[in-house]
Amino acid sequence: MTIQSPHSKDLSQTNHWLLEGMKRYRRDLGAHIFIYAVAIFIILASLSLTIFLITKGVQLFTHDGVSLFTMIFGSVWDLHDGKYGALPLIAGSFAVTVLAALFATPLSIGTALFMGEIANKRGRKWMQPVIEMLVGIPSVVYGFIGLTVIVPFIREHIGGIGFGLLASLIVVGVMIAPTIISITVDGLLGVDQSLREGSYALGATRWQMISRVVIPAASPAILSAILLGMARAFGEALAVQMVIGNTAVFPKSLVYPAATLTTTITSSLGETVEGSTANHSLWALGLILLAMSYVFILVIRWIGRKRNA
Amino acid sequence: MLTLEKPKASVTPIKKINPVFQVKDLNIYYGDTLAVKDVSVQFPERAITALIGPSGCGKSTFLRTFNRMNDLIPEARATGEVIYQEWNILDPRLDVVALRKEIGMLFQKPNPFPKSIYENVVHGLKCAGVKKKAVLDEAVEISLKQADLWDETRDRLTKSALSLSGGQQQRLCLARALALKPKVLLLDEPTSALDPISTAKIEELLLELMKEMTIIIVTHNMQQAARIADYTAFFFQGRLEEYGATAALFEAPKVERTKQYLSGQFG
Ligand SMILES: Nc1ncnc2c1ncn2[C@@H]1O[C@H](COP(=O)(O)OP(=O)(O)OP(=O)(O)O)[C@@H](O)[C@H]1O
Ligand SMILES: [Mg+2]
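Heads up: the sequence lines are chains A and B, in that order. Residues in the first sequence are numbered consecutively from 1, following the numbering used here. Residues in the second sequence are numbered consecutively from 1, following the numbering used here.
Hints are computed from structural coordinates only; laboratory data are not their basis. Check before you lean on any hint, since a few could be wrong.
[What the hints assert, rightly or not] Pairs of lysine to any residue residues, derived as SDA-like cross-links and limited to a Cα-Cα distance of at most 20 Å, are as follows:
1) B:Lys126 x A:Lys121
2) B:Lys126 x A:Ala217
3) B:Lys126 x A:Ile210
4) B:Lys115 x A:Lys121
5) A:Lys306 x B:Lys181
6) B:Lys131 x A:Ser211
7) B:Lys115 x A:Pro220
8) B:Lys115 x A:Ile210
9) B:Lys159 x A:Ser219
10) A:Lys121 x B:Ala76
11) B:Lys159 x A:Ile303
12) B:Lys115 x A:Arg305
13) B:Lys133 x A:Arg212
14) B:Lys145 x B:Glu208
15) A:Lys121 x B:Gly31
16) B:Lys24 x B:Arg239
17) B:Lys126 x A:Arg212
18) B:Lys131 x A:Thr205
19) B:Lys126 x A:Ile303
20) B:Lys181 x A:Thr205
21) B:Lys24 x B:Ser60
22) B:Lys115 x B:Ser165
23) B:Lys159 x A:Met133
24) B:Lys133 x B:Lys109
25) B:Lys109 x A:Val191
26) B:Lys109 x B:Pro196
27) B:Lys109 x B:Lys201
28) A:Lys121 x B:Pro74
29) B:Lys145 x B:Lys181
30) B:Lys183 x B:Pro196
31) B:Lys159 x A:Lys121
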């Protein structure tokens with residue numbers, strides 16, 4: 001574009017500073033295109049993953065004629081017998097998730113409060129990397145420890161054969177605790193120091209200050225921490241598979257085998273033939289898992305929005 | 001109630017005024033650096049005392065000794081005596097929780113808790129163990145009225161305190177402190193984050209409250225000190241340079257440095 005006027009110079013002929021903006025724009029354009037491309041790629045990838053799972057998963061209902069109702073509310077799961085009632089698995093997944101969260105939450109919040117409110121800076125500086133390292137330990141390691149230490153311990157000291165929900169909730173609880181701890185600590189550190197001072201200035205003791213001001217102020221972060229931990233517990237396959245016993249029945253007791261959605265998928269996938277009803281049923285389980293993950297994410301986002309409001 | 005042994009030192013009350021605080025040879029350190037140096041002064045009861053001085057001269061540090069807020073800073077350490085009702089506030093055996101119930105504080109930035117307006121006001125009372133709803137309700141109404149916030153909030157007591165404007169938030173923080181019926185109110189630049197109208201309102205409230213309690217206010221605003229303070233203390237580099245009736249200090253400062261500061265030669 002050239003602008004000609006009797007009173008102004010033609011800027012395009014010069015290296016004038018007023019044209020810097022144009023150059024800056026061209027430089028930024030590359031970065032913009034890259035960022036958009038990556039974003040679109042990620043959106044497309046997750047979208048196609050969802051679509052792929054849906055098309056695979058619904059075949060059980062459309063192609064094999066199993067009704068969604070029998071799938072979700074049927075109480076017998078037996079691939080060899082053509083029984084596709086996933087309720088015991090759904091119950092197993094929820095039991096592991098909820099029990100692990102119940103076990104891990106008090107433990108984690110206590111630790112987080114110690115790190116964020118009680119320990120001095122030096123103590124925190126030591127604990128932070130330890131917790132972060134625990135988050136990064138692969139789940140197979142947790143499962144392995146569960147299998148070699150916790151399962152035999154339960155068998156000998158508590159009863160049953162050791163495999164089951166109790167072992168699972170301990171393994172998964174310990175596994176998700178570092179996640180809950182580190183998000184909670186971030187939330188606690190995010191609470192403005194002036195709120196603590198304000199509470200102390202009104203004659204609060206340290207514990208009153210923590211329980212009446214810091215925890216409520218950090219509660220959205222604490223809630224998201226717990227939910228994120230639960231999402232991880234819900235989706236965990238490997239570690240649970242190693243200690244739950246993998247028997248697709250309603251968990252009668254904490255010390256007898258059970259199964260979850262994820263453990264059933266991983267343990268049965270190798271046994272089914274592509275295109276068979278049994279294979280489709282596993283995809284349907286995956287679809288249930290995906291739906292649940294979306295629910296978790298929606299709840300976490302909803303809490304996050306409430307925090308910002 | 002405050003409980004501990006009486007300090008050995010005897011302090012002779014200065015004439016006419018009835019001192020609420022008697023500070024003797026107060027030194028406050030942050031690690032090795034001395035932030036408040038050899039301050040000895042008495043503050044009168046039921047009056048407004050302003051603490052003025054250039055930034056970093058130790059006003060906040062000094063103010064925060066009266067309710068032992070410096071305890072929260074691990075490297076802070078104080079020597080000397082601050083006598084309040086015959087007790088030495090600096091005594092480590094002193095019950096700071098009880099002390100802070102009698103000596104309220106308002107901060108530079110309004111710091112309402114992210115809770116309802118009601119919960120903000122009753123925080124101190126609940127921490128003190130008051131549970132009866134009727135008592136709490138009454139305290140909320142009285143203290144919000146004292147802070148001139150009742151009319152604006154009576155219909156929205158359950159709403160979040162963060163929904164209030166900055167000036168309203170600061171008045172809520174005032175109400176929160178008043179709910180404990182303090183004998184002393186410490187204010188650290190309480191209006192520096194507020195607009196002129198909110199500032200005027202706070203000043204008006206302080207003049208009203210002064211009839212019942214002792215007020216010590218740190219301010220950077222010389223006009224504010226002149227408007228509301230009965231006494232003014234001028235600090236410079238951790239030392240108390242001059243202290244006296246506000247009008248006298250502003251009109252005829254005795255110390256050269258005060259004169260220079262008041263005429264705006266540094267600050
Ligand atoms: N937590 C702390 N650790 C170390 N030094 C500190 C700390 N707080 C304050 N100081 C130092 O103590 C001195 C007095 O600080 P103080 O905050 O009391 O000053 P002030 O008069 O309130 O200043 P302002 O008007 O800026 O608020 C300053 O030199 C400051 O750097
Ligand atoms: Mg200050």
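Task: Hints not upheld, ascending by number - done: 1, 4, 5, 19, 23, 24, 30 and 31
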